[in-house]
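Asker: Quick note, the sequences are listed as chains A and B, same order. Mapping to UniProt numbering: the first sequence position 450 is 450, numbers consecutive. Mapping to UniProt numbering: the second sequence position 115 is 115, numbers consecutive.
Quick caveat, the hints were computed from the structure, so don't treat them as lab data. Hints may contain errors.
Heads up, the list lumps identical chains together, so a pair's fine if it works in one copy or across two of them.
[To be verified] Straight-line alpha carbon distances no greater than 27 Å define the calculated DSSO-like cross-link-like pairs of lysine-lysine that follow:
#1 59 - 292
#2 473 - 432
#3 98 - 473
Protein chains: 2
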Amino acid sequence: MFESAEIGHSIDKEAYDAEVPALREALLEAQYELKQQARFPVIVLINGIEGAGKGETVKLLNEWMDPRMIDVLTFDQQTDEELARPPAWRYWRALPPKGRMGVFFGNWYSQMLQGRVHGVFKDAVLDQAITGAERLEQMLCDEGALIIKFWFHLSKKQMKARLKSLKDDPLHSWKISPLDWQQSQTYDRFVRFGERVLRRTSRDYAPWHIIEGVDPNYRSLAVGRILLESLQAALANNPKGKHQGNVAPLGHSIDDRSLLGALDMTLRLDKADYQEQLITEQARLAGLLRDKRMRRHALVAVFEGNDAAGKGGAIRRVAAALDPRQYRIVPIAAPTEEERAQPYLWRFWRHIPARGKFTIFDRSWYGRVLVERVEGFCSPADWMRAYSEINDFEEQLVDAGVVVVKFWLAIDQQTQLERFEEREQIPFKRYKITEDDWRNRDKWDEYSQAVGDMVDRTSSEIAPWTLVEANDKRWARVKVVRTINQALEAAFAKHKK
Amino acid sequence: MFESAEIGHSIDKEAYDAEVPALREALLEAQYELKQQARFPVIVLINGIEGAGKGETVKLLNEWMDPRMIDVLTFDQQTDEELARPPAWRYWRALPPKGRMGVFFGNWYSQMLQGRVHGVFKDAVLDQAITGAERLEQMLCDEGALIIKFWFHLSKKQMKARLKSLKDDPLHSWKISPLDWQQSQTYDRFVRFGERVLRRTSRDYAPWHIIEGVDPNYRSLAVGRILLESLQAALANNPKGKHQGNVAPLGHSIDDRSLLGALDMTLRLDKADYQEQLITEQARLAGLLRDKRMRRHALVAVFEGNDAAGKGGAIRRVAAALDPRQYRIVPIAAPTEEERAQPYLWRFWRHIPARGKFTIFDRSWYGRVLVERVEGFCSPADWMRAYSEINDFEEQLVDAGVVVVKFWLAIDQQTQLERFEEREQIPFKRYKITEDDWRNRDKWDEYSQAVGDMVDRTSSEIAPWTLVEANDKRWARVKVVRTINQALEAAFAKHKK
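Sequences are here, hints too, so could you generate the full structure?
Answerer: As structure tokens, this is what we get:
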């Protein structure tokens, strides 16, 4: 895999000097165009052998291009805020918005390679990390990002020579860290696992570019050209047309049965039972959140449901059990300008709770496969891929100890009608009912279909959906609080083993 | 000061039950109106004696109102990301945007009171903290925020009784933390310093409301009513008319001399001197940023200047000295939607570097007193108060160890004309010149006046302005890098003492 990068590529000064001015000018223009279009972000990943000129190349690119439009990010020691959340959170918070370029040093590849090279884990875990990286990049590209991955290579001999020459040059000796030297001993392992990683993560949408690092002229020109060509191609390309080709249709129910139709909508609680059970479950919830095992977990509760199904009321019964300092409610409305400049899931990642905390999402990332699907706010390809993106997202949460509880509050059409009419008559409830609600109601069947598909495709052993029969608000509220309690207890019990 | 809150206020159940429904409805409506107008944020500060019902009241408000529009925030242990920045950073990052309500537990008052009560510092430091709080709140109110400050009080006897009854009630005993009990011993000190703080920070724009905490009915109604009245008054008020009355005019130069006019614009460096001096200063900068004393500091460099004065080129010469991982360049353009929903300085606070880091602002918070003043984007009252807000802001940076270096790159009109014309002719520089640049040029004298005022009012011993004679780019670049070096060395030397 590194054969072509060990043959001693070089460019002489004359050829180099002849090419640089035009390259530089073209890069600047592409950068400006990127900013003007503000249509996609550029993510440049910098990996490879120590001493192969990673830092120098990035420095040079910052000199050639306008450094004001480039964010160079380094990910070394995690902060405690990062340690309290899923590993990918630190990358999500650093993603460049559309129109900007982020250069990621010490990215997900460095982390997995360091771990494997130093024997922190074996191939199986490395492969998990590889799959995670692949999925992240696939998703970023689907969202329009341009990802350019550079691997700077040196043969073992070249590396040793380079490190030695750097050491002997007093002007540059500070550039070598002890880590670099250490790497010369781990070179073989690094290259072996590097090949595994590159082989499995070089994909059409985000291929690796292997750069021989010996000759600065060669390496600079090679990187500059790849960057320029990638930028120009992406700027000329209209991604609106992308990925629209082959969207496999979802099957429709071929008898009349549906998941929502199978719910027993007559379930109810009388007032006395309700009050007793609710207070019991609320006390249980309060206790669980104060349990010291909660420190190892976080809790995310997602509330979706028909309009007027009682999401707000259910959320308030959950909240009422708790000290307001323990939870945070995130109402999901239209994305802000900064959110629109990022991949779809970014606006949820930013609200992921730290360990020990509880976030309630009042509507959620499932908007993609519900309202956005039904109303045509995104393309079928976009919401189709959302199912697996969401599954990946939730898996990352769960892997990090987050307990994910998801509710669909279901009512029937007659109940909705009654509640709409009631809302229109009670003054302080009037703001809860809008034209949109009536419009959505006309699309009842389409929403039901979308809900069925959503549950079928995203209810899993790690983050199951709970369908809540909500014609009776009392029944629904008790079921919601109880379900959260059961999920927490299960997580606590599992951890103990 | 607490006399009225020790007389045993109470409301009987009947009166309470009679009032609550209407109060609740009105609060919900005000909340909805707040969201609709999205014109200002509401910040509720919760302080006072332990056991006086702070937590219970906030919980109740969350039940009465729609908790989805309220963020309850608690500030206990600082995270390492917070510890690496000025103390106020944690509050800035948690500010509610316009249209939302943030309830701050454990806010700046709790911190200063804890510190004083436990003898971490004496009155002088407490008074500094008080002044800081006052200035922060004044600024927030000037920016339109509604601040409501509640102090929950109990007499010493009441407090002891309440803690005891809570302890004896098995359902509530978990509510008392060891800290609460400890407070019963420090009650006297807490009340004494509390009075000092309240006396000095109860201002017309953000008065304290002292609530006797013994009777839940009384305390809940009292808080609910104050909240409602404050909200209704603010919603009815048009802040556009506020603070416009008395803006003291700035004096104008009464002879023909000006600060910028006094610069020696003939200063220049020949090529050889330039190359030698630049490389020397760059090496010095690289060394300083790698110095271990840098770990105690952060560096902020602000670049302002005439159009075409060479800000970009100067920034690049600074950047060229460094590893791109060491600095971050923040170009300041029009604020985003999320930034517009916050106080003016918010969008700069979010980019304040952690200790050990370096942030370069390409244009900055000084836009308020430059382009916004000259173009009339804000009112005279707004930019007039900006001088002291900026001084306060920079003082907080410097107090936290941030070295603040500010450059005004000055060129004369003839030089600007030549550069504009040159830019229009060179293809890859063409994007650097816009209609705006020509328009700004027509307002040369107004900008000069604004720069003079800015320097006079914000150049201080802690964060001085450096005026850079930039007709000769070489001279300017060397002066910029050298000035940064001198500032860093001075900071390092000072710390040593």
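Asker: Are the hints correct? Go through all of them and say.
Answerer: Okay, the hints, checked on the actual structure:
1. Taking the shortest alpha-carbon separations for residue 59 and residue 292, only the inter-copy value of 22 Å comes in at or below 27 Å, while the best intra-copy value is 48 Å.
2. Taking the shortest Cα distances, residue 473 and residue 432 sit within 27 Å of each other inside one copy (17 Å), while across copies they are farther apart (61 Å).
3. With identical chains, the CA atoms of residue 98 and residue 473 are never at most 27 Å apart, being 43 Å at best within one copy and 33 Å at best between copies.
Comparing the model with each numbered hint stated earlier shows that hint 3 is the single one that does not hold.
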